[in-house]
Amino acid sequence: MKTKKLNFDYKYGFSVKSKNVFTAEKGISEEKVRMISQMKEEPKWMLDKRVQAFQFFLKEKMPDWGADLSTIKFDDITYFIRSTDKQVNSWDELPEEIKNTYDRIGVPEAEKKFLSGVSAQYESEVVYEKVQETLIKQGVIFCDMDTALKKYPDIVKEYFGTLIPYSDNKFAALNTSVWSGGSFVYVPKGVKVTLPLQAYFRMNAQAFGQFERTLIIADEGSYVHYIEGCTAPIYARDSLHSAVVEIFVKTGARVRYTTVQNWSKNVYNLVTKRARADKNAVMEWIDCNLGSQITMKYPAVYLMGEGARGEVLSIAFAGDRQHQDAGAKMIHFAPNTTSRVVSKSISKEGGRTSYRGLIQVMPQAKNSSVYVSCDALLLDEHSRSDTYPTMRIKNNESNIQHEATVEKIGEEKLLYLMSRGLSKVDAETAFVNGFIEPVVKEIPLEYSVELNRLIRLEMEGSVG
Amino acid sequence: MLSLHNIKVKVGEKEIITDFSYQFEKNKIYAIMGPNGSGKSTLVQSIIGNPLYTLSKKSSIEFSSKKITNLSPDKRAQLGIGITFQTPIALQGISVFQLLRLALKNVDVVKLYEDIERLAKELKINKELIDRPLNEGASGGERKKLEVLQMAILNPSIIFFDEIDTGVDIDSLKTIFTFLKKYRNDKTFVFITHYSKIFAYLKPDEVLVMKQGKLAATGGREMIQKIEKKGYEAF
Numbered sequence: 118m119k120t121k122k123l124n125f126d127y128k129y130g131f132s133v134k135s136k137n138v139f140t141a142e143k144g145i146s147e148e149k150v151r152m153i154s155q156m157k158e159e160p161k162w163m164l165d166k167r168v169q170a171f172q173f174f175l176k177e178k179m180p181d182w183g184a185d186l187s188t189i190k191f192d193d194i195t196y197f198i199r200s201t202d203k204q205v206n207s208w209d210e211l212p213e214e215i216k217n218t219y220d221r222i223g224v225p226e227a228e229k230k231f232l233s234g235v236s237a238q239y240e241s242e243v244v245y246e247k248v249q250e251t252l253i254k255q256g257v258i259f260c261d262m263d264t265a266l267k268k269y270p271d272i273v274k275e276y277f278g279t280l281i282p283y284s285d286n287k288f289a290a291l292n293t294s295v296w297s298g299g300s301f302v303y304v305p306k307g308v309k310v311t312l313p314l315q316a317y318f319r320m321n322a323q324a325f326g327q328f329e330r331t332l333i334i335a336d337e338g339s340y341v342h343y344i345e346g347c348t349a350p351i352y353a354r355d356s357l358h359s360a361v362v363e364i365f366v367k368t369g370a371r372v373r374y375t376t377v378q379n380w381s382k383n384v385y386n387l388v389t390k391r392a393r394a395d396k397n398a399v400m401e402w403i404d405c406n407l408g409s410q411i412t413m414k415y416p417a418v419y420l421m422g423e424g425a426r427g428e429v430l431s432i433a434f435a436g437d438r439q440h441q442d443a444g445a446k447m448i449h450f451a452p453n454t455t456s457r458v459v460s461k462s463i464s465k466e467g468g469r470t471s472y473r474g475l476i477q478v479m480p481q482a483k484n485s486s487v488y489v490s491c492d493a494l495l496l497d498e499h500s501r502s503d504t505y506p507t508m509r510i511k512n513n514e515s516n517i518q519h520e521a522t523v524e525k526i527g528e529e530k531l532l533y534l535m536s537r538g539l540s541k542v543d544a545e546t547a548f549v550n551g552f553i554e555p556v557v558k559e560i561p562l563e564y565s566v567e568l569n570r571l572i573r574l575e576m577e578g579s580v581g
Numbered sequence: 398m399l400s401l402h403n404i405k406v407k408v409g410e411k412e413i414i415t416d417f418s419y420q421f422e423k424n425k426i427y428a429i430m431g432p433n434g435s436g437k438s439t440l441v442q443s444i445i446g447n448p449l450y451t452l453s454k455k456s457s458i459e460f461s462s463k464k465i466t467n468l469s470p471d472k473r474a475q476l477g478i479g480i481t482f483q484t485p486i487a488l489q490g491i492s493v494f495q496l497l498r499l500a501l502k503n504v505d506v507v508k509l510y511e512d513i514e515r516l517a518k519e520l521k522i523n524k525e526l527i528d529r530p531l532n533e534g535a536s537g538g539e540r541k542k543l544e545v546l547q548m549a550i551l552n553p554s555i556i557f558f559d560e561i562d563t564g565v566d567i568d569s570l571k572t573i574f575t576f577l578k579k580y581r582n583d584k585t586f587v588f589i590t591h592y593s594k595i596f597a598y599l600k601p602d603e604v605l606v607m608k609q610g611k612l613a614a615t616g617g618r619e620m621i622q623k624i625e626k627k628g629y630e631a632f
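Listed in order, the protein sequences are those of chains R and U. Using the numbering used here, the letters of the first sequence correspond one by one to residues 118 to 581. Using the numbering used here, the letters of the second sequence correspond one by one to residues 398 to 632.
Treat each hint with caution, since some may be false.
With a straight-line cut-off of 30 angstroms between C-alpha atoms, the simulated DSSO-like cross-links for lysine-lysine are [claimed, not checked]:
1. R:K525 <-> U:K407
2. U:K521 <-> R:K530
3. R:K541 <-> U:K571
4. R:K541 <-> U:K627
5. U:K508 <-> R:K530
6. R:K530 <-> U:K626
7. R:K541 <-> U:K455
8. U:K405 <-> R:K530
9. R:K229 <-> R:K247
10. R:K525 <-> U:K472
11. U:K524 <-> R:K558
12. R:K267 <-> R:K306
Think of the hints as simulated: they come from the structure by calculation, not from any bench. Since this is a predicted model, take the numbers as computed values, not measurements.
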């Protein structure tokens, strides 16, 4: 077993003793893929899709253009764990150790205060789910994907894998073959869900793989804000989180998807996220990556309808032995479409952040407008930040803006703040918070407070 | 209140201050004058604890009978040493309000904001500037005024004004000094400058002349005339 420097400041690094109902043997095979499908009593088309995806996963090479993934041991991972045998809609009905876990993370508390609905996934499956009655009456569906496949098979079949086919990349294929859990959201025409829906993802086992699959459909003129949070215990053996998220934003609808990713530093976080925006639709990704060992994630918006708008606002924080390779993809297929990417990355103690972006404006996407701004903040000499922007602009009638800055917290700035009586930690934290402010102000207050607290913890870790 | 003993300062390998001893007293106004490169700013930076400046082992700084030679800049500031910088930097994402709130920790934030607003008005600082990131889009004069405003809120017992007049037009300079007179109380002011023009507004009690890293002469305010007439050559 390799030894690792553990960060004891990580508040969510605790684990509880597992009393799982079922734990698959570690490693992956076609047999195991079939077993997962069988345990879930899935229709044949889904089983077939899983098997095809698995075949593709086997033959597809590891992506070699981004972070170093050579240390992932696919055979050392447990791909499926069922932690309880029934899903509940009351926290008290959860097994004690699972309920305690969510209490410590603060999910039930948040639900009471400001959420429309909550889904909590523990290991491979969603163990708790609740949506406000009023939303149910309006026809809003918020459930886990396994339930959705049983209750709404036609809708799932119509959309599943159409935006992100398994052949998109090796990890989309892996997800498609062993997916379990995740959220299914359907918002009917014209319905505006005022308070956010939240999904909470927790990994408790070590050397585990979580492969949730999320599908969101916002029908014409509707609105929904979906928030996901994620944490895991600190273990010496690495875990893998590889999700696929597909979002369909219909004419005039708006979806906001906020992520506060705070996995422990032994997690590989390799996620494919893509949205399709129809005419005059708005898709906003707000993506905050603080935790994990390696993250590779590039939320995408396919702007398919005239007047559609896509945004990615992201924050990446990389400390010791972390590599955040994150970015955005905006593909303009229709005229008068708009995209905006604002990326803020912070590196400290040898951490590495990369912005990797693709902007593509098709010949027919006339009068489109693109704005990309990526700023990097380096806290010391050992840290690193890279920018890999790709722009493919296929017409001359669009407005393209790209800005990039790299800033260091120099001695001069630190001295200035310290000369006013701020400690070094307070001074650095103030800089980092000032730096990410344009993105943080888009996040609900409860989360931005948490985000600032997490950043302060990271900063204290770097000085102490 | 602030005693400097055998101060020797290096930047890298270069010795800038070769020997400096002096005692600053409470409730007095000082002028530290000298030609460019005589070590005036280096002295101030050493007093506030700028880590770029290395003091020799024998150097010793005492403030209110406490040895502060090895304290970090924040600790010195908390004890009551203040500075207005020669070239105040712009801070991305941090307004003067946010900065002062962090500096004062358990302060009543509403009162703090009102105090800032009131002082800004007295200093004729455009209201917009106090809500914006500090010094972003501010002129030289506005930056210096914002430095003075910070000192008025933080209220240190000794303040070093490093070239308070550079980049400041005559009207702003007048505003600044009218303000300083009003808020001085029993504070010690130390003005670092190579021009004597600011002493038309506020007369120093003591004048220190620095040359080539040494304290070349000290005296009363009559020294200023001597400098005006003969320049630093006379010392």
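Evaluation of the provided hints:
| no. | hint | result |
| --- | --- | --- |
| 1 | R:K525 <-> U:K407 | holds (25 angstroms) |
| 2 | U:K521 <-> R:K530 | holds (26 angstroms) |
| 3 | R:K541 <-> U:K571 | violated (35 angstroms) |
| 4 | R:K541 <-> U:K627 | violated (45 angstroms) |
| 5 | U:K508 <-> R:K530 | holds (27 angstroms) |
| 6 | R:K530 <-> U:K626 | violated (39 angstroms) |
| 7 | R:K541 <-> U:K455 | holds (27 angstroms) |
| 8 | U:K405 <-> R:K530 | holds (25 angstroms) |
| 9 | R:K229 <-> R:K247 | holds (11 angstroms) |
| 10 | R:K525 <-> U:K472 | holds (24 angstroms) |
| 11 | U:K524 <-> R:K558 | holds (22 angstroms) |
| 12 | R:K267 <-> R:K306 | holds (23 angstroms) |
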